[in-house]
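Chemist: One-letter residues, chain by chain:
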Amino acid sequence: MLRKSLIAGLIAGTALMATTALAADKTSIVYIPKNTGNPYFDSLVQGFVDGCEKAGCTFTTAAPATAEATSQIPFITAQTQRGVNVIAISPNSPDALDQVFDRARAKGTLVFAVNGDITGNTQHRDAAILPVDFTKTGPGQVELVGSMIGYEGEIAILSATTDAPDQNAWIKDMVATLKSNPKYAKMTLVATVYGDDEPQKSTTVAEALLSKYPNLKGIIAPTTVGIAAAAQVVQSAGKAKTVHVTGLGTPNQMRPFIKDGTVSAFQLWSPYNEGLLSAYFAVAVKEGKIKNEPGATLDVPGLGKVTVGPDHVINTQAELTTFNAANIDKFNF
Amino acid sequence: MTPVGSPKPVDALDSAGQQPTATVSAPQSGREFAPARPIWQVLLIRPETVTLALLIGAIIVGSQLSRFFLDISYILESSTLYSEYSIVALMLTLVIISGEIDLSPASMMALSACVFASVFQAGAPIWLAILASFACGLAMGAFNAILVIGFRLPSIIVTIGTLTLYRGLAQVLAGDRSISHFPDWFVGIDYREILDVPVPVILFTVAAIIVGLFLGMTIPGRQIYQIGTNEIAARHAGIRVQRIKAGLFVGMGLVASLAGLITASRLASVRYDMATGGELQMVLMVMLGGTYIFGGRGTILGTFLASWLLVIIATGMTVANIVVTSQLIVMGVLLITSIIATNAIYARSQR
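From first to last, the protein sequence lines stand for chains A and B. In terms of the numbering used here, the first sequence opens at residue 931 and continues consecutively. In terms of the numbering used here, the second sequence opens at residue 79 and continues consecutively.
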């Protein structure tokens, strides 16, 4: 009797071990955001969770308390020790993580940079999943403000700091687009001002724009601080009907201005989609469905066909996501 | 029971349990002494024993939390992330025993590493860059010493000031960019192993033995305890208090620049924000090791064990995917517990 139950127990135990082994066969992914408590990354994590549910992988996330350059290192070491298949990380430093990445990869772990790349050290990661094709940001913003003002009239740009590399690249594209495309021939850029990404200064320069250019019809603020400040100024001045504010902002921050009609639309990328794509891509590479090499393509439900670009860079979206009254409640970041 | 004679005399049984070398008033005849405590009490009821017990407990809990934890090569690899702080904590133990504190070592690490990187980037040979880094550490330590000892300012205020100052200078020197591209032999000290033990761990262990022997066995080492217990008495006993304290602050600068170089090698890059907040980790190690914050008591063994305790706890929780907020709570509770234990034990042994 005793022996029988022992054997039964053994069989049950073996079966249990077999099932856990089976579960372990699924691709395991960990995502390491820059730090905890950031709604932007919470949205990205949700993309991973949903992506893993559909693509079939196990997912965990672990984050340091601060976004300091080295704070992610213990997490990478620990996840390598746990034997995860894929480490997806939004790196806090472009170079301090190289060594620990190499060590993880030497043990067979795939390392993906998500949302930001380790520029200049890209040989230390396997792929980078970036939010959007940034060369389309400038033209996209011009088209959006053009559609609001009927492609005619004075516009201004409210940017971050004078040496912000992203914003300056986009502004350059905006200026080039305005000049080269005949569609925008009747639009004139009257000023580019800088709010230094400080709410107070951004408000002051936005107020100055309104008083200095009475015929101003549109403001593009390609920075989250700037667009909120500009919207606030236009709202307080009661000029929402005549001056159209748009730019790059986050849904949570811009929700009140969309709801009360101060801003009709603005743009950004979707961190959720980055997580979703990363999950699908990780599973496809790990299961050998695609090769992680430039030119490889992958169909992701909801995102369409994405292509691995030069240097293993994948742009999640070709175009920016436009947020307006119709869709803003679907986003929470 | 302390002998009469000086107003606040040195404990006959100081924290290392040995006779101090310089100032022991001869016991006066006719006075009654409390019976000596049994030897097992002397050995067991010590702050280091608490640290050791916590360390063993942490290893057991860690192995229960995650099956990936109990892997010596992983623990050693993880410990390299903390060995810079551990090495500085050894020196900091001496400073705290002497009754002072130095909160600037993490900033000193950053500035000396930035000096190293800038000199190297300017085209100088790397040995010169390393030399410049140590010279910078020496100067920073000396500056702290001048303010604390020369101007008789409280070390906590001085080093909070230089904590900010040195970090600021590092930012001025290196800017917001990171400096890298060091030669291959310099990079990756944490991947070099001797008998499967990473080099930073060996450095830490050797440093602990050297500093431990210095503190426990040499005359200047023993004098540090006396300075911390009662500085006035120590001065009256002919101990060169100022010279020893100045030496400790300068030593901090040198050790911090060594730690900065190890970090630069480990990360293969230098930025002004290197080791931000590291001073708290270092103080945590010293406190967890049972060193008395008001000076006069503490051992290197305690700090050594506490460094491992910190490594084990952080590693164990991280590999078990415990969220970082809970990790911070555990650390805080641990620190408070250990301080209470330390105080209770010292109160007991002082009776």
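You may find that some hints are simply not true.
What the hints assert, rightly or not - Derived, one-sided and incomplete: chain A residues facing chain B with beta-carbon distance under 10 angstroms:
1. Ala1008
2. Gly1046
3. Asn1051
4. Thr1052
5. Gln1053
6. Thr1154
7. Pro1224
8. Thr1227
9. Gly1232
10. Gly1239
11. Pro1240
12. His1242
No wet-lab data here; the hints were simulated from the structure. Idealized CB from N, CA, C, for every residue including glycine.
Chemist: Next step is simple, just say for each hint if it's right about the structure.
Modeler: Tested hints:
1. The interface hint given for Ala1008 (chain A) holds, since its Cβ lies 4 angstroms from the closest Cβ of chain B, which is under the 10 angstroms cut-off.
2. Because the smallest distance between the Cβ of Gly1046 (chain A) and any Cβ of chain B comes to about 15 angstroms, over 10 angstroms, the interface hint for this residue is violated.
3. Of the supplied interface hints, the one on Asn1051 (chain A) holds, with its beta-carbon coming within about 9 angstroms of a beta-carbon of chain B, less than 10 angstroms.
4. The interface hint given for Thr1052 (chain A) is broken, as the beta carbon of that residue sits about 14 angstroms from the closest beta carbon of chain B, more than 10 angstroms.
5. The interface hint given for Gln1053 (chain A) is violated, since its Cβ lies 13 angstroms from the closest Cβ of chain B, which is over the 10 angstroms cut-off.
6. Hint status for Thr1154 (chain A): violated, given a least beta-carbon distance of 21 angstroms to chain B, over 10 angstroms.
7. Restraint check, Pro1224 (chain A) versus chain B: the minimum CB separation of about 26 angstroms is more than 10 angstroms; hint violated.
8. The beta carbon of Thr1227 (chain A) comes no nearer than 34 angstroms to any beta carbon in chain B, farther than 10 angstroms, and the hint placing it at the interface is violated.
9. Checking Gly1232 (chain A) against chain B: minimum C-beta separation of about 28 angstroms lies over 10 angstroms; hint violated.
10. This hint is violated: Gly1239 (chain A) has a C-beta 26 angstroms from the nearest C-beta of chain B, more than the 10 angstroms allowed.
11. For Pro1240 (chain A), the shortest C-beta to C-beta distance to chain B is roughly 23 angstroms, which exceeds 10 angstroms, and the interface hint is violated.
12. Hint status for His1242 (chain A): violated, given a least beta-carbon distance of 21 angstroms to chain B, over 10 angstroms.
Comparing the model with each numbered hint stated earlier shows that hints 2, 4, 5, 6, 7, 8, 9, 10, 11, 12 do not hold.
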